[in-house]
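Now that you have both chains on their own, put them together as the hints suggest.
Residue numbers (this note's numbering), protein chains in the order written: chain A, 1 to 405; chain B, 1001 to 1137.
Keep in mind the hints are simulated off the structure, nothing from the lab.
Honestly, I wouldn't trust all of these hints.
Every beta carbon over 12 angstroms from chain A, so not counted as near; a handful from chain B, in silico [to be verified]:
no., residue
1, L1017
2, V1032
3, Q1050
4, K1074
5, Y1100
6, I1104
7, A1105
8, K1110
9, I1125
10, T1126
In the DSSO-like style, the derived pairs of lysine-lysine whose C-alpha atoms are separated by at most 30 angstroms in a straight line are [to be verified]:
no., chain 1, residue 1, chain 2, residue 2
11, A, K46, A, K30
12, A, K190, B, K1110
13, B, K1074, A, K269
14, A, K354, A, K324
15, A, K345, B, K1071
16, A, K173, A, K204
All C-beta atoms, glycine included, are put in the ideal place defined by N, C-alpha and C.
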Amino acid sequence: MSNTKIDILQRALERERIARKEAERILEDKSRQLYELSEELKKTNKALQGNLSEKTLELQAIFDNSSLGIVLTKYGKIIETNKAFEELLGFTSEELKQMDVKSISVSNDYPNSRDLMEKLNNGIIDKFSVNKRYVKKDSTVIWAKTNVAAIRDKSGQIIYQVALVEDITEDLKLQEERKELIGDLKKKNKDLRDFAHIVSHDLKSPLRSMDTLINWLKEHCESGDTDNFNNAYEMLIDKLTKMDSLIDGVLRYSSIDSVEQINEEVDLKMLLEDTVNMIHIPDHIEMQLSNDFPVINGDFFRIQQLFQNLISNAIKSIDKPQGKVSVQYQSHDHFWEFSVSDNGKGIPEAYKEKIFEMFQSLDDQEDSTGVGLSIVKKIIEYYNGDVWFESEVGKGTTFYFTLKK
Amino acid sequence: MRNLSLLLIEDDEIETLKFQKIVSSISEKHKVTIAQNGEEALKLVKNIGQLPNVILLDLNMPKLNGLEFLKILKNSGVLKYIPVVILTTSNYPNDILECYEMGIAGYLMKPLKYQDYKKLIENFITYWSVNEFARKN
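For reference, chain B alone in the conformation it holds in the complex (with noise of 0.2 angstroms):
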């Protein structure tokens, strides 16, 4: 089991807090970086020198929204390895498919309840702390 960086672009402050509260809940060592949007996220993930393991997105949000988001990592020649999990309330299927044709790890729904959310959380930190990510040389 690795220790994982996560980067979590969501713009409402409850479901970050929610986010980080249930994944320290796991492990302190996971590491969790939040980024309000898109437009944040960019700057994020090219300023520090360390990149995520798995970025975590959700669709809707102010300025630059999850598919545009998207649309400009997967274009980066360094970013488009970084295995990219959709976190959403939409299960609109016109987004789904445009986000597996982006090339997207996941497409994960928020479930209403919290217990739900807390072992949908776990699961997938379960999953990717076995997982091998792509280094880049």
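The following block holds chain A by itself, in its conformation from the complex (with noise of 0.2 angstroms):
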């Protein structure tokens, strides 16, 4: 070989080794930047798995103290539920475990329910709030507002369902009070209102008429007229009297709900055969009683001036020469109907709501008032129940009204 080509091939070998080397040194820097990657991947990790420990820590002490009952299920399937939600049933978890939904829903409720729910596992909604009832351990009910929201895997496909259950039996409760109240004050207001317009139209009318009586009495005084003076006499007598009955009137009406509530145990047969005592019966009229009546609750005096006020109605309205005039009652699961039957002259339709305002009289008869109806209506209502009428012009009326029992 020649010196030449040695030396071509000695630098070539050179080159290589150089080249060797480089790649050496390359793969070494890659090692070590592997291994330095993996160490922080390990730290990273760690890191974590920390955090994800105390996540679930964090989520087990909201899920265990949460005030508002927590259930896990699965196609109606109790699958896990908090302290809060046990508490709110009375039920144990490992009881609950064994349950599904529908054994602890009040089962008219449970339809409705079941619908939004396969609405959510059909993916249509991602979640629905309702107010439905449970039934705790013991067999009582409870209202609660219930929060269900669907917990999907990345497919889509539904792992838990989860609930959030609020106990609002108070706050409906509540709710329902303040109705009433409102019912009440609305009911009031709509009296006081009534009541100063009769004041101001059917009170007022009869001093007008005195105050005309006066001035004509006067006039037939100065002229002499005795006739006409007599006359004007006996009209103002009259109407003295008709306004000392609308003022008693007026005044029993408004005293319905204003006296001392008293719930006492009211014996009807004695107080209807009491009641008819005091009523003047006229000869041609016979009343019929039925042979017993129930043992009620309420307020005997106002039970009286129900019964009475529908009796002397009844009498009134007789225009034949054999009246007849019966009281019945018939005893329902949940309330009394009584009926206070005449064969008077009927009232006509058109009459049928009218009859029970205050101060709207059929009767041109200078004794009616228009105050009666008024206050079985008003007494009726007190004690929750309801009244109307059957009548025939002519042949007679039926009145019909219930009581609570």
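Take a look at the structure:
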């Protein structure tokens, strides 16, 4: 080999050596980087794990200590419950895990929440909220606001349904009470307005007449017209009597719910006999009372007023030579139904609503003030009952009313 | 000044006597017809060929009351042109509102004193006797 050739070979060898060294250095570098990276990953991983268990703990704490009941379910089966929910219903966690949603729901409410649940499962909705009832271990029922949400995996399949359950039994009760109070207040307000109306309208009228009559008395006195003087005098006395009975009626009407509430046992048989004795019953009218009457709870005086007004109306309505007034009763599951019927002149259909209004009288008779039936209605309303009548003009009328048992 | 034909719808006997007495003391030429309630008044205006010029209406009456009568009147093709003046003791704002809503020509409160009432009716007669009335062709 010539020197030149050796030289060339040696140089090539040298280049190769340098290149290999360079490659080794790069490899070593990369390895180190890889090692560092893996170390870093290990650290991150560890940190993440720590984080995860911390988060789990936090979630567990929320789950355990939430004042809302939390339930995890899967297709109706109860998977997990929290303490609040267990306490709400009175079951242990173990008991609940053996049960499904249906068995702690009130059957009437169940179809509604089941339908919503199906929509949730089919992905039509993602969450819903219902007010539904739950049955406690002791069989009592509570109302709860229930928010249900779906928990899905990446493919959209449902893993769980989570329900947040809030007891609203007390809230509902309060709401109900408030509604009742407002209703009561509205009624009181209306009564007051009506009362003002009545005073302005019906008590003022007789006063005007009296003023007129007094003026006439004076005129007739001056002119010496004795006949007309006596006439006016009679009319004046009538007006006075009428005004007195009007005031009496208004007072009786307004005292119905202002007098102290008395709840005593009232023997209706005794009450009715007493009432019939009190009312003047003309000879041509036959009074028929049912053989027995129940003993009910209420205020003797009010219930007597009720019957007294209906019976005396029945008597007044009779326009036939042979009159008949009959008081009967029927017992229903939750209420008593009483009836007072007569064979009197009857009430035209047109006055169906009107007759229960204050000072609405169908009679032109001087002694009818139009207060009686409004008192009847008010007393019955006071006892949460109903009143209505059936009538045929010329044949007679039957008034019905109910009182709660 | 024209002679008026008035229809008073009022159930109280003394009120009607008082009205008639005062109107005839103003002039014997004014004609007063009385109806005890709305029902009777409807029968009267439907039967008599001559309709009244003005109707005076009390609100609180048995059977068909003032407001109900007014409703029927204002729904009738012929009768709705008759001016209706309310003559009542009620100054209940709801009543007044409801009456004007249905189209009344006036709302008069019955005064307590006989002399005030007399003056009121005199003014009423003076006013309406210079009015022109709608005539049905």
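Each hint, compared with the structure:
1. L1017: Incorrect as stated: the minimum Cβ-Cβ distance to chain A is 8 angstroms, not above 12 angstroms.
2. V1032: holds (16 angstroms)
3. Q1050: Its Cβ never comes within 12 angstroms of chain A, the nearest being 27 angstroms, so this holds.
4. K1074: holds (19 angstroms)
5. Y1100: holds (17 angstroms)
6. I1104: Since the minimum Cβ distance to chain A is about 17 angstroms, I1104(B) lies beyond 12 angstroms and the statement holds.
7. A1105: Consistent with the label, A1105(B) stays out of reach of chain A, its closest Cβ about 21 angstroms off (over 12 angstroms).
8. K1110: With a cut-off of 12 angstroms, K1110(B) comes too close to chain A, as the shortest Cβ separation is near 5 angstroms.
9. I1125: The assertion about I1125(B) holds, with a minimum of 18 angstroms to chain A.
10. T1126: T1126(B) clear of chain A: closest Cβ-Cβ about 21 angstroms, beyond 12 angstroms.
11. K46(A) x K30(A): Holds, because 24 angstroms separates the two Cα atoms, which is no more than 30 angstroms.
12. K190(A) x K1110(B): Holds, at roughly 25 angstroms.
13. K1074(B) x K269(A): violated (52 angstroms)
14. K354(A) x K324(A): holds (25 angstroms)
15. K345(A) x K1071(B): Roughly 28 angstroms separates the two Cα atoms, so the pair holds.
16. K173(A) x K204(A): violated (45 angstroms)
Going down the numbered hints, you'll see the structure goes against 1, 8, 13, 16, while the others check out.
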